[in-house]
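Chains as they are written, first to last, in our numbering: chain A, 1 to 252; chain B, 1 to 261; chain C, 1 to 644.
A hint or two may mislead.
When the alpha-carbon atoms are kept at most 27 Å apart in a straight line, the in silico DSS-like pairs for lysine-lysine are as follows [to be verified]:
| id | chain 1 | residue 1 | chain 2 | residue 2 |
| --- | --- | --- | --- | --- |
| 1 | A | LYS6 | B | LYS157 |
| 2 | C | LYS252 | C | LYS510 |
| 3 | C | LYS182 | B | LYS206 |
To spell it out: a stretch of chain A is covered by chain B in this simulated footprint if at least three of its residues, at any positions, have a beta carbon under 8 Å from a beta carbon of chain B; those stretches are [as the list claims (entries may be wrong)]:
| id | segment |
| --- | --- |
| 4 | 55–67 |
| 5 | 132–138 |
Derived list of chain C stretches under chain B, where covered just means 3 residues or more per stretch with a C-beta under 8 Å from a C-beta of chain B [what the hints assert, rightly or not]:
| id | segment |
| --- | --- |
| 6 | 25–35 |
| 7 | 118–127 |
| 8 | 172–179 |
Derived by calculation from the structure, the hints in this document are not laboratory data. Ideal placement from N, C-alpha and C gives every residue a C-beta, glycine not left out.
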Amino acid sequence: MSWITKTFTSSIGRKIIMSLSGLFLCTFLVVHLIGNLQLFKHDGGAAFNTYSHFMGTNPIIRTIEWGLVLGFGFHIYEALMLTRRNKAARGSQGYVSNHSEQNSEWTSRNMGILGTIILIFLLVHLYNFFWRARFAGDIPKMGGADPLTRDYDNLYMAVVDSFHIWWYVLLYVAAQISLGYHLWHGFRSGFQTLGLNHRKYTPAIKYIGYAFAVLVSAGFASMPLYFFLFTNAQGELAANAPAVLQSVAAAF
Amino acid sequence: MAGSNPNAKPMNLTLKVWRQPNRQAQGKIVDYQVKDISPDMSFLEMLDVLNEDLLRGGQDPVAFDHDCREGICGSCDLFINGRSHGPEKGTTTCQLHMRKFSDGDTITIEPWRASSFPVNKDLSVDRSAFDRIIQAGGYVSVNTGGAPDGNEIPIPKEISDRAFEAATCIGCGACVAACKNASAMLFVSAKVSQLALLPQGQVERKTRVENMVAQMDKEGFGACTNIGSCAAECPVGISLENIAILNREFLAAKASSNNLA
Amino acid sequence: MQLDSKIPEGPLAEKWEKHKFNVKLVNPANKRKYDVIVVGTGLAGGAAAASLAELGYNVKAFTYHDSPRRAHSIAAQGGINAAKNYQNDGDSVFRLFYDTIKGGDYRAREANVYRLAQVSVNIIDQCVAQGVPFAREYGGLLANRSFGGAQVSRTFYARGQTGQQLLLGAYSALSRQIAYGKVKMYTRSEMLDVVVIDGQARGIVTRNLITGEIETHSAHAVVLATGGYGNVFYLSTNAMYCNVTAAWRAHKKGAYFANPCFTQIHPTCIPVSGDYQSKLTLMSESLRNDGRVWVPKTVEMAERVRKGEIKPQDIAEDDRDYFLERKYPAFGNLVPRDVASRNAKMMCDEGRGVGSTGLAVYLDFSEIIKRTGADAVSQKYGNLFAMYEKITDEDPYKQPMRIYPAVHYTMGGLWVDYNLQTTVPGLYATGECNFSDHGANRLGASALMQGLADGYFVIPYTIGDYLAQTPPKPVSTDHPAFAEAKAGVQARTEQLLSIKGNRTPDDFHKILGHIMWEYCGMARTAEGLTHAKAEIQKLKKDFWSDVKVVGSGEEMNQALEKAGRVADFIELGELMVDDALNRNESCGGHFREEYQTPEGEALRDDENYAYVAAWEYQGENQPEKLNKEELTFENVKLTQRSYK
Chain A
1 MSWITKTFTS SIGRKIIMSL SGLFLCTFLV VHLIGNLQLF KHDGGAAFNT
51 YSHFMGTNPI IRTIEWGLVL GFGFHIYEAL MLTRRNKAAR GSQGYVSNHS
101 EQNSEWTSRN MGILGTIILI FLLVHLYNFF WRARFAGDIP KMGGADPLTR
151 DYDNLYMAVV DSFHIWWYVL LYVAAQISLG YHLWHGFRSG FQTLGLNHRK
201 YTPAIKYIGY AFAVLVSAGF ASMPLYFFLF TNAQGELAAN APAVLQSVAA
251 AF
Chain B
1 MAGSNPNAKP MNLTLKVWRQ PNRQAQGKIV DYQVKDISPD MSFLEMLDVL
51 NEDLLRGGQD PVAFDHDCRE GICGSCDLFI NGRSHGPEKG TTTCQLHMRK
101 FSDGDTITIE PWRASSFPVN KDLSVDRSAF DRIIQAGGYV SVNTGGAPDG
151 NEIPIPKEIS DRAFEAATCI GCGACVAACK NASAMLFVSA KVSQLALLPQ
201 GQVERKTRVE NMVAQMDKEG FGACTNIGSC AAECPVGISL ENIAILNREF
251 LAAKASSNNL A
Chain C
1 MQLDSKIPEG PLAEKWEKHK FNVKLVNPAN KRKYDVIVVG TGLAGGAAAA
51 SLAELGYNVK AFTYHDSPRR AHSIAAQGGI NAAKNYQNDG DSVFRLFYDT
101 IKGGDYRARE ANVYRLAQVS VNIIDQCVAQ GVPFAREYGG LLANRSFGGA
151 QVSRTFYARG QTGQQLLLGA YSALSRQIAY GKVKMYTRSE MLDVVVIDGQ
201 ARGIVTRNLI TGEIETHSAH AVVLATGGYG NVFYLSTNAM YCNVTAAWRA
251 HKKGAYFANP CFTQIHPTCI PVSGDYQSKL TLMSESLRND GRVWVPKTVE
301 MAERVRKGEI KPQDIAEDDR DYFLERKYPA FGNLVPRDVA SRNAKMMCDE
351 GRGVGSTGLA VYLDFSEIIK RTGADAVSQK YGNLFAMYEK ITDEDPYKQP
401 MRIYPAVHYT MGGLWVDYNL QTTVPGLYAT GECNFSDHGA NRLGASALMQ
451 GLADGYFVIP YTIGDYLAQT PPKPVSTDHP AFAEAKAGVQ ARTEQLLSIK
501 GNRTPDDFHK ILGHIMWEYC GMARTAEGLT HAKAEIQKLK KDFWSDVKVV
551 GSGEEMNQAL EKAGRVADFI ELGELMVDDA LNRNESCGGH FREEYQTPEG
601 EALRDDENYA YVAAWEYQGE NQPEKLNKEE LTFENVKLTQ RSYK
C-alpha cells in the first residue's frame with residue numbers, strides 16, 4: 001500500500017474522508033435547497049422547470065454532478081467501513097447495562113440509523129425525479145407557447161403530483177427529520193474531525209451547525225408539507241390556505 | 001465510629017456482578033446481597049465487604065483491579081450501572097462513595113468491554129494495548145544525562161498548563177469502555193497533544209503521531225465518531241479538543257512527513 | 001560481617017565526582033552481554049531500567065501492576081526538591097544537603113545525602129527534557145513552592161500531581177526502551193524470591209499473577225526498587241498493593257534490613273471514618289503553605305465541636321489555638337512532618353481533637369481565601385480540595401479540613417552501601433526500599449528526588465563497577481539454585497492454600513496494623529513494644545494455622561497474593577518492634593516517650609545511637625542479629641533540631 005492509501009484507510013483517515021465528504025454534501029444541500037425554493041414561486045412552475053432544465057443540461061453542472069456522486073459514494077462507503085471496524089472493536093460481549101444516554105446525545109450515537117433512513121429516502125427521491133427525468137424520459141413536457149421552454153420537462157407537476165401522495169409526504173418529512181438530526185451532529189463533527197477545534201470558534205461552529213440543521217431540514221420539509229396541505233392538484237394555492245400564505249403569494 | 005455524616009443510615013444492596021473464571025471461559029452475571037453498607041464507604045470498600053463475606057463462606061472473591069484508591073493510578077476500572085466509573089462525574093471508581101446510592105438499590109457491575117481489553121478474570125481486564133501505544137511513540141527520545149538546564153527553554157505558562165491538562169490522563173480506559181466504538185482516541189490524543197504543545201516534543205512530532213495512530217489501529221480500537229461519551233466519562237476531564245489536535249497533527253504529519261511507508 | 005559503606009575518600013563535595021572516575025567501566029560493546037533484572041517500575045525502578053537500557057545493558061523489568069504507569073510513585077502530590085536556586089533565595093547544594101541531614105535528625109549518611117543534593121539539579125533538567133509539564137511562571141520559567149523543613153523555595157511541582165507527571169516521564173523513557181527491545185517488560189509478575197549463587201544475586205523467582213505460573217529469571221545483577229513497607233500498619237497512605245515481600249525475601253537471603261523502625265507519619269491526611277476503611281488519603285503537605293493548623297483552645301469547646309453543636313467556622317479567632325504557629329514561630333505551619341504529626345497527636349491526647357472521633361485537627365484556608373480569593377486557591381490546590389470533598393462530603397472552601405497523621409513513608413529499608421548495593425553482592429536496592437538518605441525522618445518533596453536520583457543518576461554508574469568485575473558469560477536458570485528457590489516458593493504457596501482456616505488475610509492484616517499503630521506508631525514505649533512483640537509472635541502462629549485462602553495457585557488469586565504479603569508483614573512487624581526497642585532514644589519519626597526534652601521534643605542520644613541498625617536474618621523464628629554502621633558527621637554539627 002502506498003502512504004496515501006494507508007493514510008486514508010487508517011481510522012483517522014477514514015474519519016477525514018467522512019468529514020470532507022459530509023461537509024461537501026452540506027454545500028450541496030444549500031444549493032439544492034435554494035434552487036428548490038423556486039417551487040414556491042407562483043408561476044405555474046415556469047421558474048422551477050427552467051432551473052431544472054439548466055441543472056440537467058449545463059455541462060459544468062453535469063460535471064459537478066459526478067463530484068456529488070463521489071461525495072455520496074465516499075460518505076456511504078466510509079460509513080460502512082467505520083461501522084464494521086467499530087463493531088469489531090466493541091466486541092461480541094456487550095454490556096448488560098449501558099446508560100450511554102447519560103453521557104452523550106442520542107443523535108451522535110445513531111448517525112448510522114439516521115443515515116440509513118436518509119439513504120432509503122435518497123433512493124426513492126432519485127428514482128422519482130432524477131431517474132425519470134434523466135433516463136426514463138416519462139415526465140410530460142411543459143408545453144405552452146414559449147418555444148424556449150415548451151420542450152422542458154414539467155418537473156414541477158411531477159413534484160406537485162408526488163407531494164399529494166400521503167405516504168410520499170410522510171417519507172419526505174421523516175427523512176428531513178433524520179437529516180436534521182444527522183446534521184445536528186454531523187456539521188460540528190466534520191470540523192472536529194478536521195482538527196478545526198479552537199476554544200474561540202468551536203462554540204460558534206456548534207451553534208451554526210444547529211441552525212444549519214434546523215434551517216435545511218425545515219426548508220426541505222416545508223415543500224412537501226406546503227403542497228400537501230395548502231395547494232390543489234395543479235400546485236395553486238388552495239382557497240382554504242391560511243391568510244398569511246395568501247398575502248405572501250399575492251406579493252410575488 | 002461515624003464519619004462526616006453521623007446520621008447516615010447503613011444500606012442493604014443487591015449487586016449484579018460479572019463473574020468469569022478466566023480469559024477463555026464464558027462469563028455471567030451473578031447476584032449478591034451486601035448488608036450494612038455505610039454511606040461513607042468508597043465503592044471499592046463496599047466490594048471489599050462483599051469479598052470478605054465470600055471468602056469467609058469459602059467462595060472465590062471477585063477479582064478487580066485497584067491500587068492507590070486515590071484516583072490517580074488508573075487501576076480501577078468498573079462499569080457501574082451502565083457507566084464508566086459509575087454515576088458521578090469526574091470520578092474514578094475508587095473515589096466513588098456509597099452516599100451516591102440509596103438503600104435497596106440494585107447495582108450492576110461489569111468489566112470494561114472492548115475487543116482490545118480482554119477480561120483476565122471477573123472484573124479485571126488487560127489494558128496492555130495502552131502500553132503498546134505509548135511504546136510506539138509516546139515519549140521524547142532523550143537519554144539520561146546531557147539534558148540542558150531546565151530553564152533553557154522558557155515555555156509560556158498557558159502552553160505549559162494546557163500540556164499539563166492533557167498529561168493528567170491516568171490511562172484507566174474509561175474512554176474506551178464508554179465509547180460506542182471502543183475508540184482509544186481520547187487516550188492517544190492526550191499524549192499526542194501534550195507533546196505536540198511542548199517545545200520538547202517538536203523533534204519527533206510527526207513520527208510520533210503517525211506511529212501512535214498506527215499502533216492504535218493495530219490494537220483494534222475503533223474510530224472516533226465524535227460522540228463525546230469518552231470526555232463525559234473521563235475521570236480527569238481530558239477534553240475533546242485533544243482529539244481535534246490529534247486529527248490535525250495526524251493530517252499534517254501525513255501530508256508533510258518524509259515517511260513513505 | 002563487617003559493614004563497609006564504601007564511602008569514597010576526600011572532601012564531601014568531591015566524593016561523588018572522584019568516585020565516578022574511580023569506578024570500573026564496562027566497555028560499550030560488552031554491555032549487551034550483561035543482563036540486569038529490575039524489580040519494580042516506579043520512579044526508582046522505571047528510571048533505572050530505562051537508564052540501564054540506554055547504556056546498552058539487557059534489562060528485564062518486573063512489576064506486579066498491569067502497567068509500569070500504575071506504581072505508587074504516581075500518587076505523590078506536592079513536588080520534588082532540587083537545589084537549583086532559581087529563586088535567588090540562598091539555596092545551594094550544601095543547603096539542601098544540610099536541610100536533609102537535619103530534617104532526618106542526624107541519622108543519615110553524609111556522603112549519600114550530599115550526592116543526592118548534587119544530582120537533584122540534573123533530575124529537573126532530565127524531566128523537563130522528557131516533557132514533564134512542571135508549573136511555570138508567566139515568563140515561562142520554572143516555578144517553585146516552599147515545603148516543610150526548609151526556609152527556601154526549592155520544590156518543583158506540577159499542580160498537585162507531581163508524582164504522576166514524573167512517573168509518566170520515567171514510564172515514557174522505559175516505554176521507549178521496551179520498544180527498542182532493550183527492556184523486556186514483565187507485567188503482573190510478583191517477585192517472590194531472590195536466587196543467590198556462590199554468594200551473588202543471580203536471578204529471581206516470580207509468580208505470574210494471571211496464570212499463577214512460578215517463573216525463574218536469571219541475570220548478572222538484580223536491582224530492587226520495590227517501595228516502602230508502610231502497609232505493615234494496614235492503614236496508610238500507601239496503595240493497596242504496596243508490600244514488603246520483595247525486600248523481605250531478599251532480607252531472608254542475606255540482605256540486611258536497616259532502621260526498620262523509622263517510619264514517617266504524615267501530618268496531613270484525611271482522618272479515619274470507619275472500621276471498613278481500606279486506606280488513608282494524603283492531603284499534600286504543600287497545603288501547609290497556606291493552610292493554618294488549629295484546634296479549639298479548650299477541651300469544652302472541642303467537645304461541643306465533636307458533638308456537632310458548633311461549627312468550626314463559627315469559633316472566634318480568640319478561641320482557636322494555632323498550636324504550630326504558637327510553638328514554632330520560625331517555621332510555623334511548615335515544621336517537618338514528624339514534629340507536625342506529634343503535635344497533632346498531643347492536641348488530640350489533650351482532648352482538643354475535633355471531628356466525631358476526636359482524632360483530627362483543623363487545616364484552615366479561610367484566611368488565604370479571604371486574601372487571594374477562592375479562584376487563586378483553586379488554581380493551586382483545586383484537585384486536592386475536590387478529592388477532600390469527594391471523600392468527606394465537606395467543602396474545604398467553606399469549612400476547614402479535618403486532618404490527622406497517618407503512616408506515609410518508611411525511611412528504613414534494605415541496607416545499602418554508597419553504591420546502593422545490599423549486603424548480597426550483585427543485589428541493589430533503590431528508592432524507598434533502601435534506607436539510605438532520609439535518616440530518621442524524610443523531608444517533604446524528597447522521596448521523588450531520591451527515587452529518581454537513584455534510578456537515573458546513581459545506579460547506572462555504580463552497577464557498572466560491579467558488572468565490570470563479573471565475567472560476561474550468560475547466567476542460566478538451569479543452575480540448581482533456581483530450582484531450589486522455585487520449589488521453596490511453590491511449597492509456600494501450597495502451604496498457604498492448605499491451611500484452610502477461618503480467618504481471611506485481611507483479618508490478620510488489620511490486627512497487625514492495629515498492634516503496629518498502637519505500639520510502634522507515633523509514640524513508643526519499651527513496655528508497649530515488648531507487649532507488641534508478644535502479640536505479633538502470637539499473630540504469626542495464628543496466621544499459619546488459621547488463615548483462609550480459597551481457589552488454587554494456578555489462577556488469578558488475589559486472596560493468595562494478599563496472604564503471602566501479610567505473612568511477610570507479620571515477620572517485618574516483629575523486626576520493627578525489635579529495632580524500636582533497641583533504639584533507646586527519640587529521633588525523627590521514632591519517638592520513644594521515655595526520651596524527650598522537658599518541652600516534649602525528641603531527645604536524641606548521639607553518643608550511643610548515632611548508628612544505622614542493620615539487622616541480619618538468622619533463620620526462621622531466630623532473633624535477628626544487630627550490625628551497626630557508625631555514622632560520622634564531618635560537615636554538620638549535631639545539634640538539637642529546633643524549628644522554633
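Within 8 Å of chain B (C-beta), three or more residues of the segment 172–179 of chain C: With 6 residues closer than 8 Å to chain B, the segment 172–179 of chain C meets the three-residue bar; holds.
Holds or violated: LYS252(C) to LYS510(C), with C-alpha atoms at most 27 Å apart: Holds: LYS252(C) and LYS510(C) sit about 24 Å apart, inside 27 Å.
Assertion that chain B covers the segment 55–67 of chain A - criterion: three or more residues, beta-carbon distance below 8 Å: Contact hint for the segment 55–67 of chain A vs chain B: violated, 0 residues under 8 Å.
Verdict on chain B covering the segment 25–35 of chain C, where coverage means 3 or more residues with a C-beta closer than 8 Å: Result for this restraint: violated, n = 0.
Hint consistency between LYS6(A) and LYS157(B) [alpha-carbon to alpha-carbon, up to 27 Å]: Violated, at roughly 37 Å.
Given coverage of the segment 132–138 of chain A by chain B, tested with a Cβ cutoff of 8 Å and a minimum of 3 residues: violated (count 0)
Verdict on chain B covering the segment 118–127 of chain C, criterion of 3 CB contacts below 8 Å: This one holds; 5 residues, not fewer than the three required, reach chain B with a Cβ under 8 Å.
27 Å Cα cutoff - pair LYS182(C), LYS206(B): holds (24 Å)
Violated hints, in rising order: 1, 4, 5, 6; the structure is consistent with all others.
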